[in-house]
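Chains as they are written, first to last, in this note's numbering: chain A, 1 to 139; chain B, 1001 to 1139; chain C, 2001 to 2139.
There's no promise every hint is true.
List time: in silico EDC-like cross-link candidates among lysine to aspartate or glutamate, alpha-carbon distance up to 20 Å [claimed, not checked]:
1) A:2 to C:2086
2) A:2 to C:2139
3) B:1002 to A:36
4) A:65 to B:1087
5) A:130 to C:2055
6) C:2002 to C:2024
7) C:2065 to A:83
8) C:2006 to B:1086
9) A:2 to B:1087
10) B:1130 to A:54
11) A:65 to B:1139
12) A:130 to A:24
13) A:2 to B:1054
14) B:1006 to A:112
15) C:2130 to B:1054
16) B:1065 to C:2086
17) B:1130 to A:55
18) C:2065 to A:87
19) B:1002 to A:55
20) C:2002 to B:1036
Because the hints were derived from the structure by calculation, they are not lab data.
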Amino acid sequence: MKSFRKELIFDIPSRRAFVNITSEVERAVRDSGVSDGLALVNAMHITASVFINDDESGLHQDYDKWLEHLAPHAPTSQYRHNDTGEDNADAHLKRQVMGREVVVAITNGRLDFGPWEQIFYGEFDGRRRKRALIKIIGE
Amino acid sequence: MKSFRKELIFDIPSRRAFVNITSEVERAVRDSGVSDGLALVNAMHITASVFINDDESGLHQDYDKWLEHLAPHAPTSQYRHNDTGEDNADAHLKRQVMGREVVVAITNGRLDFGPWEQIFYGEFDGRRRKRALIKIIGE
Amino acid sequence: MKSFRKELIFDIPSRRAFVNITSEVERAVRDSGVSDGLALVNAMHITASVFINDDESGLHQDYDKWLEHLAPHAPTSQYRHNDTGEDNADAHLKRQVMGREVVVAITNGRLDFGPWEQIFYGEFDGRRRKRALIKIIGE
């Protein structure tokens, strides 16, 4: 069994953003030398997500508006987590809707994807350095 | 390490439906010859889900009503994604709530499940051919 | 390839609770002898979740209030699943928001975590014995 590990670094200047990381994950699969296996890609921080969906800017606007509707940032006083001095409780909620991680099949040395699948890092509390993890196992 | 790959095909005539695919996944586990490992089952399309829950028709009605409440289909003009000519922005949102994939343990050549766990394909934008992927690795 | 399997048992006296199971999963990783691989941790019941987030009691209060807002327990008659004699339809919905499972990388014999990641069992219909599964594969 082969294994491969790589971290991706993010310095998002805004509170929220979606970043397409598909090509970085594809590069990791090539670098791993794994032909058949699984790739785990996860946010290493608990106010961020890794998810798979469409690379379409209108949809990303829809996600942002929808998540803000489901878990509003303000008023920050509505959240007990923010009593600790944080103002990011909403980011912990939004991340649960979008998910922490994806697991993707690797077949013939490639991400085994449907026609529109793209991997995104979803930031909900940016303006600080964060990381995502790629872990690949297989043969 | 053994690996096994299979696609499931869906032609759902309605916009939304839940399909129990547990027996197809069990068959894939048998065909894989894997006794100990992991099975990844994921939607290959970004307006569909694979999830694990109860095979109870009342619950499926509840899911459908609840998802429509959280992310309504109409008016379609409320979503910027639909400015592209699509009318399925809500399906991209619903899929995030229900999830893209499940990872299931394989033990003694069987899906290692609790008493009520069943695997479903959740369609949120049907009336076109779609696929789900089963990828199994182990020994 | 090595594999390791362990069940965790929960007897939660209340309907809802969050339990930090990180140390149990770390112990399983040590017992598995796996240095590089993947750990799957999943609820074996369909009214419970396993998820990764912060071990902060204010945040857990926020999750509980938020989930009750998104999928209220009462009135129980609003759910068709409860026509079967159950009163836990809301728990099946809440579990979808928080997720069934997590997959965590194992590197150098340790859970490969960011600074604040902790694993929780989320109970949404307690007062009965339930289980979570830890399945580890790797080398």
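Violated constraints from the hint list, given by number and in increasing order: 1, 8, 9, 11, 13 and 19
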